[in-house]
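Undergrad: Once you've looked at the hints, dock chain B against the given chain A.
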Amino acid sequence: MSILLATAIVTATAAATGALAQRAKEETQGPNISHYTLKNGLEVVTIPDHRTPVITHMIWYRVGSADEDAGRSGLAHFLEHLMFKGTAKNPRGRFSEMLAVLGGQENAFTSQDYTAYFQRVAKEHLSSVMEFEADRMTGLVLTDENVLPERDVVLEERRSRTDSDPGALLAEAAQAALFVNHPYGKPIIGWEHEIRALNREQALEFYKRFYAPNNAILVVAGDVTGPQVKELAEKHYGGIARRDDIKARVRPIEPEPRAHRRVSLTDQRVQQPSFSRTYLAPSYRGGKPGEAEAIDVLAHILGSGSTSRLHRALVMDKSIAVSAGSYFSGTSYDLARFGVYASPKPGTSLEDLEAAVDAVIAEVIEKGILETELTRAKTKIVADFVYMQDSQATLARIYGAGLTVGMTLDQIKSWPDRIRAVKAEEVRQAARNWLDTRRAVTSYLLRPPASTEKRT
Amino acid sequence: MIISKLIAAGTIMSLALLSTATAQSGKDRIERIVTPGGIEIWHVRDNTLPMLSLEFAFKGGTAQDPVEKAGLAYIAAALLDEGAGNLDSRAFQEQLEERAISLSFTTDRDALRGSLKTLTENRDKAFELLKLALTAPRFDASEVERIKAQTLAMLRRRSTNPSNISGERWFARAFPNHPYGQPQQGTVESVAKITIDDLRAHHANVVARSTLKLASVGAIDGKELAVLVDQAFGALPKQGKLKTIVEVSPQALGEREIVDLDVPQTVITIGGAGLKRNDPDFIPAFVVNHILGGGTFSSRLYREVREKRGLAYSVYSYLAPLAHAGIFMSGVSTRNDRAAETLSIILDEIKVLADKGPSEDELTKAKSYLIGSFPLRFDTSGKVAGQLLEIQMENLGIDYIDRRNALVEAVSIADVRRVANRFLKDAGLLVTLVGRPKPVPVGGKG
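So the protein sequences, as listed, match chains A and B.
Going by the numbering used here, the first sequence opens with residue 23, and the numbers climb by one from there.
Going by the numbering used here, the second sequence opens with residue 97, and the numbers climb by one from there.
So here's chain B without its partners, still in its complex pose:
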């Protein structure tokens, strides 16, 4: 199956909001609650199941890591459910499992995200444990050592995985001397240097109310929810201390890097400058990407690389709008002796699309797909809460749900031609290849 990464493509409509029975617009179904303690949360009440899904995020991800301590944010997140307050790791995990409460934390380059799922009957306990995790993580020495050892094992595994190498080399080359170029889980050397004090300091810097965003879906009314939110998040410090991340564009465009690895396939990562989410051209660019290598069996790359020539199982492209950089990426895995040919087909397709733009027919179909598939993003509580959170993270506004399909519909052929030319043509593309491609793809501008 094609890998589709519809990052922040848009939007949402909640469960209930799309329901024909209610026929209410999105923003009427989403409650914007400001708790007595002054914390904002977007909530959709849904009593169908006796459960509650909460999604939240703080600004400050792996890009906050000092160069010599890359992996810090990742390890800190992994330790948040490993003991807090007077509960050591075992006791904390037991309390979660005895009530089947699911609590997890993840990091990406720009944020720390948390996810809580509980049966309604256990919600008080769930929020109590969440509060402990956020306000009093223990970072006990034994657990820190254990998570570091797990991280090192993962780094060892990734060190010979062609897809991991290809992606990491791409980011390292594209963002030299910028935090986006650092390996998100760190290196063997950097992980070894991370101390408990580092973890505590990182936590204090990031976990603060000023950048907190929250969204929830489930069987609870706004008032009860507000009380729980204040209990869990109210005691957090108002302000953290985030390092400023400078705006950046991918570098080394036009270059190629080949990493030799004894595998039967070459993994190719292709990327260049994309668009940030707040760029006025983001939606047209998203439509262009759908036509090139987005999520269906009908994209140009799918047709040319897979369907017609049988060169790959997976070929894709996507837009990655980071907080401080826009990125366009594409990729494929193909047998070593066809890697050069496959790369040139993909680069040709990108060039043709940049020069001529999509056809009217392609534009119509792409818009129809993106509008029609919209409700599929909202068929579980967790997905709805996740979408509500992303809208807040991207500052799109609570009415974005109602506006989104009209924004897609409004994209004209002139828009996609202009935007295709703008972001696909640009200054060329940086390509990393991992495997034993033979013949070796020729260099030059991508």
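Just chain A, with the same shape it has in the complex:
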């Protein structure tokens, strides 16, 4: 069971999200995706890939850490762990035991906007896997005997991921500073003191509130057809009653950001300092048409790969950084994030590094981008789509994440076409509108002064 931090997962998704590139469409017809909704509200998506006789079965719930009540951070993720504890019909690990015998892989992950469970098995086992997963949608049974040790596991997970790593602690603080009102400011895994107070009753209440067919999306990718999946889904999931009390996802809205915020962390464990900055930006769901697409292209040109502007300016030309880049996490239900980062060479202060990053951004805002850069970015995105189709598990993830954050199937499918439509001037506009430090948190990860390199 793992958390994929929204940033990580969404970066992959944004680079990928679909991209039925025109050329790919012509050459491969793209994946022949089918999509329908059962009577109880469960959406069913099938992504055929007949090259290998295996399938990836995923159930996505439209609930994540941003849907938790205040004071109960970490509950969505904790419940994700507890979903492996068994049901009335299949007690104590029977689902995992079955997979361990069949040779299936399984796991689950939680983000700010969704919680997903998946199994990868030989195709003849799809029906069994569905039967177990459908049972788990309503049949979870929890006892203190299995809940309390699992809470300790989550605390260990937090120590591994966050508390042992000064960089992760700083990122957590930056996230909290970026969102002053919206629950995206909480860590997905939860604050330690709140994890300690989570319990069985809270987990079950959360489960009953959010786990239902009309709050879920089933994605099956692999050696199977749409009609086959539909028949099996009707059989196993069709009998689960919809719930009419699931509330719309309305989270507190961020006020218009007006002040540049700064966070820093100085720790003796830091041997390599770093600079990063995160801006609030519109997401694919929330932005105006074409806006997020332009931001994606901007992230590519500014900081993806060794021909990008930040790498060229800071790492190659000025030779003041060992690495530099940018990313856009546009697949979120509410506001999205745009990030820039750089690690200095010894002798360069973070202040100087930050100024150099700002100069690169200012140049894009003032002078715009070159057509050659634009073409290169688009080519990369088109090719990435073809590469992405090579993996059924990746496709299942892209479509599942996109749909759970409120994008439509057509939006995901036509994404590369819309990327291709982005104009150079729109990229400049995106930089001007969103790369404004009043919308941002800047982070410094520092060594204690005693061990700081002498300035030259």
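Treat the hints as calculated values from the structure; they're not laboratory data.
What you are looking at is a predicted structure, and each value in this text was computed from that prediction instead of being measured.
Heads up, some of the hints might be wrong.
Quick list of in silico lysine-lysine cross-link-like pairs, DSSO-like style, CA-CA up to 30 angstroms [to be verified]: (1) K372(B) with K452(B); (2) K339(B) with K372(B); (3) K372(B) with K337(B); (4) K221(B) with K402(A); (5) K404(B) with K447(B); (6) K400(A) with K435(A); (7) K257(A) with K340(A); (8) K244(B) with K340(A); (9) K310(A) with K435(A); (10) K111(A) with K452(B); (11) K319(B) with K155(B); (12) K402(A) with K319(B); (13) K372(B) with K461(B); (14) K461(B) with K111(A); (15) K310(A) with K389(A); (16) K461(B) with K145(A); (17) K227(B) with K319(B); (18) K221(B) with K445(A); (19) K463(B) with K145(A); (20) K461(B) with K521(B); (21) K521(B) with K404(B); (22) K463(B) with K402(A); (23) K310(A) with K111(A); (24) K111(A) with K463(B); (25) K435(A) with K257(A); (26) K61(A) with K111(A); (27) K340(A) with K269(A); (28) K155(B) with K372(B); (29) K447(B) with K372(B); (30) K402(A) with K244(B); (31) K257(A) with K461(B); (32) K269(A) with K230(A); (33) K340(A) with K452(B); (34) K230(A) with K404(B); (35) K244(B) with K227(B); (36) K221(B) with K400(A); (37) K227(B) with K400(A).
TA: Same frame as chain A, now just chain B:
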């Protein structure tokens, strides 16, 4: 999630080979092509997507590094796509990116590996750039300095990362005075000493046809592929010059080392003698490891450490069959005040398994898992090509794909009991701990 490292566990079956529609056996689907230039490549033709994945490797990894220049192989690999022929680093990278060609090189202790992914329409350019990278890398001074600076930054980062420290200390203690004990990315001192001449010499020593292995999957027929392979690899020298690496077994077994670091968790690395891939007992040992701490939610370590006691998020074990040493490793991260307890639980589980072996039921389930999960290793072109390459690297034979599941099925309860006793009992285990474990785990034989 449990970290699973099914290193060379076996095998393969390709995309197409497992397809029920074709019902052909593995070796019939893999074309063994010998090019006009005399280079062998294993290829699976698959026209589903307009792309091509190529995986290749040369013998000679970080174990080739001179002690005082540890990090040489790692830095040399990182420089192969930083300019070649008449293209400087910028021009080379632009040519790759303009066509979305993905070319990367990595090293491990025993080999240099390369990976090329391209759209079919750009394959000529892709192989042309590959040829340049292999035959005419520039090692320009500015790029060498830049990659060295990046390596130093990484070393600084790793120097306070508990997992990195724990693993490195384990290898240093287990293989003193042997190249396997050297830090693979080098040290601050050794990286500083590496010169452009060193890099050129290393490249000439390693990148040669005599140890080259190749595998590919994609939309291209054998004849066209052969032409491209000859273009890219044909001009390489026949013979390189590899330092002989002596066979070795882990040392310091039974010892404990604690590295003090102010972190809330102790990272524990446990290891001992394992089996090499060509050991006749490797497959039974692989089954034993699956039962102990392999890749599912059902292993003994998972159950005892995580499920029952909530002591860790991650606990695992794996076999690392290097070219010149077999290694068995296990590890966990747990809160400082439970580290001693967790370590003793893991050591007890290992001992019990060594003494009594698995139960019949565990054996049946483990075999069923390993056989049933086999096709999951072949669901992307890159994974299939990677598996085909590993089979060649380990000399398992082109028919291994067809034999592999029968080898697992044939493992008997007597086999696993004997093998569990053989590699888990052995001379004890070397343990490194990084953190502030309290109470401090007692020493003695592991």
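Undergrad: Hint by hint, work out which the structure violates, then give me just those numbers in ascending order.
TA: The structure conflicts with hints 7, 10, 22, 23, 27 and 33, although it agrees with all the remaining ones.
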